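Given the structure of chain A, go ahead and fit chains B, C and D onto it with the hints provided.
Protein chains in written order, with numbering that gives the first Met the number 0: chain A, 0 to 358; chain B, 0 to 358; chain C, 0 to 358; chain D, 0 to 358.
Hints were generated in silico from the structure; no laboratory data involved. Check each hint, because a few of them may be wrong.
Pairs involving identical chains hold if they fit within one copy or between any two copies, as the list cannot separate such chains.
[Stated by the list, open to error] Listed next, the in silico DSS-like pairs over lysine-lysine satisfying Cα-Cα at most 27 Å (straight line):
1) Lys220 - Lys170
2) Lys277 - Lys126
3) Lys5 - Lys78
4) Lys81 - Lys137
Just so we're clear, the structure is a prediction, and the values are computed from it rather than from any experiment.
Listed below, chain by chain, are the residues.
4 protein chains.
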Amino acid sequence: MIVVMKQHCSEEAIEHVLHFLDDHGLSGHPSRGVERTIIGVLGAVGPSGTPSSIGGINPELGEALETLPDVEQVLRVSKPYKLASREFHPEDSIIEIPAACLTEGKLHIGGNGITIMAGPCTVESEKQLMTTAAAVRKEGAVILRGGAFKPSTSPYGFRGMGEEGLKLLAKARAEFGMAVITEVMTPTDVPMVCEYADILQIGTRNMQNYMLLDEVGRVEKPVVLKRGMSATIEEWLLAAEYILAQGNRNVILCERGIRTFEKLTRNTMDISAIPLIKRLSHLPIIADPSQGTGHRDLVSPMSLAAIVAGTDGLLIEVHPNPDEALKDGAQSLTIEQFQRLMPQIQAVAGAIRREIVTG
Amino acid sequence: MIVVMKQHCSEEAIEHVLHFLDDHGLSGHPSRGVERTIIGVLGAVGPSGTPSSIGGINPELGEALETLPDVEQVLRVSKPYKLASREFHPEDSIIEIPAACLTEGKLHIGGNGITIMAGPCTVESEKQLMTTAAAVRKEGAVILRGGAFKPSTSPYGFRGMGEEGLKLLAKARAEFGMAVITEVMTPTDVPMVCEYADILQIGTRNMQNYMLLDEVGRVEKPVVLKRGMSATIEEWLLAAEYILAQGNRNVILCERGIRTFEKLTRNTMDISAIPLIKRLSHLPIIADPSQGTGHRDLVSPMSLAAIVAGTDGLLIEVHPNPDEALKDGAQSLTIEQFQRLMPQIQAVAGAIRREIVTG
Amino acid sequence: MIVVMKQHCSEEAIEHVLHFLDDHGLSGHPSRGVERTIIGVLGAVGPSGTPSSIGGINPELGEALETLPDVEQVLRVSKPYKLASREFHPEDSIIEIPAACLTEGKLHIGGNGITIMAGPCTVESEKQLMTTAAAVRKEGAVILRGGAFKPSTSPYGFRGMGEEGLKLLAKARAEFGMAVITEVMTPTDVPMVCEYADILQIGTRNMQNYMLLDEVGRVEKPVVLKRGMSATIEEWLLAAEYILAQGNRNVILCERGIRTFEKLTRNTMDISAIPLIKRLSHLPIIADPSQGTGHRDLVSPMSLAAIVAGTDGLLIEVHPNPDEALKDGAQSLTIEQFQRLMPQIQAVAGAIRREIVTG
Amino acid sequence: MIVVMKQHCSEEAIEHVLHFLDDHGLSGHPSRGVERTIIGVLGAVGPSGTPSSIGGINPELGEALETLPDVEQVLRVSKPYKLASREFHPEDSIIEIPAACLTEGKLHIGGNGITIMAGPCTVESEKQLMTTAAAVRKEGAVILRGGAFKPSTSPYGFRGMGEEGLKLLAKARAEFGMAVITEVMTPTDVPMVCEYADILQIGTRNMQNYMLLDEVGRVEKPVVLKRGMSATIEEWLLAAEYILAQGNRNVILCERGIRTFEKLTRNTMDISAIPLIKRLSHLPIIADPSQGTGHRDLVSPMSLAAIVAGTDGLLIEVHPNPDEALKDGAQSLTIEQFQRLMPQIQAVAGAIRREIVTG
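Bound conformation, chain A alone (with noise of 0.2 Å):
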């Protein structure tokens, strides 16, 4: 941190900065500039062992310095996240889905593979999901993506079909030899939907839902965490250092839109966010085209973009009958619409010399 006096502060002033680095076991590195003066702050651990240490400063220190009498700001050098950052981990993660199912016994999303992950964007009934499912299978996708708890923008929404949703999935996953990755939205839910899930999704809505992250954090199912609808990428990765600190290590981001002032897509998918964190973080991270863009006419193109951009997996909705699905059919792609855009991605992943992950 560095403490920027404002111009013509008072000596006292100075000290009293000093004084409380001081008593915060901080060191306090003054320049008296012709203009002002500036103080570095170094050493800066708090106690060892607490989760207080692990990210050096106390990240509420900050803020208390700005009131200090003549502070104009206080200005931060290092990241406040630690273990999500490509500091901490210089190499890339892969994280391994652990999946009876699967021929081989496994999948893993990040590396040089790109995952993809497709399916309704609700469970609505058996037919509609193993339609789906054989569909996706088939054309190359390997993890089945369904909601079983459904955030609803209105109480009067469908809210998914909960419990029955989960085993749905279970018997998709059986029967067509893929992961499953599903919504959690509580954390009493996490012991349920862990029980029939190979990958926990966190939605937009919940990205700062702290106690589930928390929760999410104590179990060892990879967790996919979407970005919240406004939230800056440093928000982003410091809800994911929530589930890391609790101990999960399997953590996976999903960029999925945020919310600007353009009113013809319902998001404006941040493409750049995706090279951006392969540069701060050593997380894999994957792209929801549908929810990014809300319009299936933009879902292929938006999933070509994404790959070229690193991705390292994308997440499609995929409805047998978009004009019958109980919710967010106007991004779901039909069946023909993902049959033509897997060659396309497959031409795409190859021109960057990167392979699409195979069951």
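This is chains B, C and D only, laid out in the frame that chain A set:
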């Protein structure tokens, strides 16, 4: 709803839409224009007695319609919330706050009064809380705020004292004759927080934590529902609808700033939301200028702005010693600043003929 | 400026930065910490007599530094504007509006007075303008607004009466003893608009039309500079700096709403910009609640909010017959609404001990 | 247009709307539903031969209708732009770039080819420009970019070499057989810039500088119209419509990032705008990943993303020595980076069966 067909759409496409509507118990009335056909959707109620009948048309139906062939767009005519709307309940709602400790036995939020709520961002110690409570009570605050469970962007930040903090709040309530408002972050904590608090607060990060909304909808305690940091006003009213639909009619909205591109403030406080909510809804609305701006210097002018714009209350962070605060010190008023603010609030409220609620 | 080096950067990289600074006439002072080295940049003035010396450090230098090897980031300590800053000019600026037609020969904007400017969005006819001017003058407005050159989002929209409109404004000025404010859209129109108007207005779409800013900087007429619809406060003050740097010190800022994700209002009016500008700058600031909200119903509460937040004036659209307006009728007050608003403005201004400027 | 009346509106209000429509040469067709009445507006053309007839309905009419008594909202059915729309011109437009210096006499933008434009952000010296032009030409760029007039956020920043810079661009063109694109900032400069450049560029800050749009609409040179940093896609197409309506049909759109809350990138590049524009308009669209991200490291992945999403060209900043650049060095590729990027562009374009345009 109105279905707008594409230019030169086929007669079959129109028939398809009419059948679709019919299948869902709705009736469509086409107007064939020179350039295009539009289809008005009339009638349209779900099965009586079920929640989905309240809102008239199933919220997902519009999306499904948009996926039919030759449909250009679907325009929604009715508001998607009902219990929260002013059409449903034309009079202003006034929420009673029963609190045995109060001299007169109860308080209210809404109507002609303006209710002042103040206290520390987070309960840190008995001394900090009691000093603050005594001071704000003396100046005219009737409700004590203070977080026992705090959402922290970083897992290494201070997350509150938990139940210990709730006990301190209850103690301050008894001693100073104030009602208590505090945040609840997860469904399983609702009973515990209800035991100690007079008003439950749902924070900005949990505005779309639907299971938490359901849970606070099942109790009778008044609920302050903060606007999500990137929530539209419609989404915010739909979140209120979740609580109302479960039976709890004691919902108070709270504007606390939205996320924009501006970097000098923590949030951009949307003062216009106050008169807009008054037009759209019967629910009371309060304002949080501390979270809304993130800067102590801006709290006083924005408090006054909220009052003349029609707020029913203010939620203000006050700390006896902000530079020692464990959380959000930069946006907390000192006790002296709060003392200077209260007479300004009185004067400005008087100019628009509203009164400050006294305990 | 402060240069933050990457962790474990090489000694050569530090030397490289020091040489680079030296080459640009600056001196760097490294502090070698345990985790990383930071380099304070001191001294630092451009060639005297040139414009670039005013701001101290060349604005592009920071960007260039960020591209040097092993530099993590460059932190700016000083504000990039100078003439607009309160450090440069600690007293509030009060802008005189010379206008021969006024009874007392002049008006002012800034200081303890609040100046009311009202009139139609666009000059449409002599009758419309005269009726409106007479009515708003009677209620206490001292400056007449009205667009003769109008930016229209569509090329097929009404773009104003041009010089004919300016002549009508001048006629109304003479008849009612008001000063006149009107928009200028392009550098070549500045002389013509100066001939008729007392105050030039730069619209939101032209806030970064630098050649127009230069041009109005070369005249002496007061200039109202509206905030760009997605301009940060810093960019806005830099745009003001353009005008000030050319010699015209009569700059008045105008908050008129920013673009956000919210759809129910045309813009989100950033009331907090008013006290923020007061802290950062000595320039007066006024508010435009008509453009700021886009809804007639919101104009009154937002006018009052701007006043208690510290605005030096209001710019309000009034139309004798809004449903016949050629432009922005939905956000224009009727004359009756304006009549009801003025006493409220008086009452609220009185409560904060400010006075309405009379002609 | 569709006029939605308020619930329980009076019969007079409906009559009022119908008369209003009649007065403006339109006809209204009411559908009286159980809950509310909607009025379809049909017919509706302005006086033939005038510009306003092109778009069908006067763009301000909707706003005027919204102010009538008991009108709840007015829904627009038609797009407000015409010449830019794909309905008006179903085939992709291919823009010819006549340039005598080119071996084959001309280039094009649009169709199956992808046109690479590269060069320095700003022309700084003959040596800088010639070195860069030689290098990018060798790698396959056919159009040379370089700013002679530069918008600078600060009045103390570098604003370009002016006509001297244009002359250097013309010299490079002759020497390397490239076409030249450069920015024009104000109407009076259009003739001068036309003398030297093959393509005029309208920058993001000038997207709604309507007099400049009119002016470039009156020449025949191709115009690259950058998206305003907070412009919706509809506003952007309306800005294109300004140019087209004046007679210049050679308009190329350019996505260059929009302003969002994210702080780690200069802008959020909206890749989804590329396929969306392709659906709504016949105009070619190119992408600027340098301005779009602000970070050199992100330019390559975002270039590839733009290509697979359907861009017709790329505009890339390249500098022989970015750490000496006077402007935007942080986002300029080095020549080596550009050399590494071009084969990737080739490979990825090949995977989607598009070709790189050669001179």
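Going down the list of hints, with the structure as the test:
1. Taking the shortest Cα distances, Lys220 and Lys170 sit within 27 Å of each other inside one copy (19 Å), while across copies they are farther apart (43 Å).
2. In this assembly of identical chains, the alpha carbons of Lys277 and Lys126 never lie at most 27 Å apart, being 39 Å within a copy and 36 Å across copies at closest.
3. In this assembly of identical chains, the alpha carbons of Lys5 and Lys78 lie at most 27 Å apart whether taken from the same copy (25 Å) or from different copies (12 Å).
4. Proximity of Lys81 and Lys137 under a CA criterion of 27 Å is satisfied in neither setting, with 40 Å inside one chain copy and 44 Å between copies.
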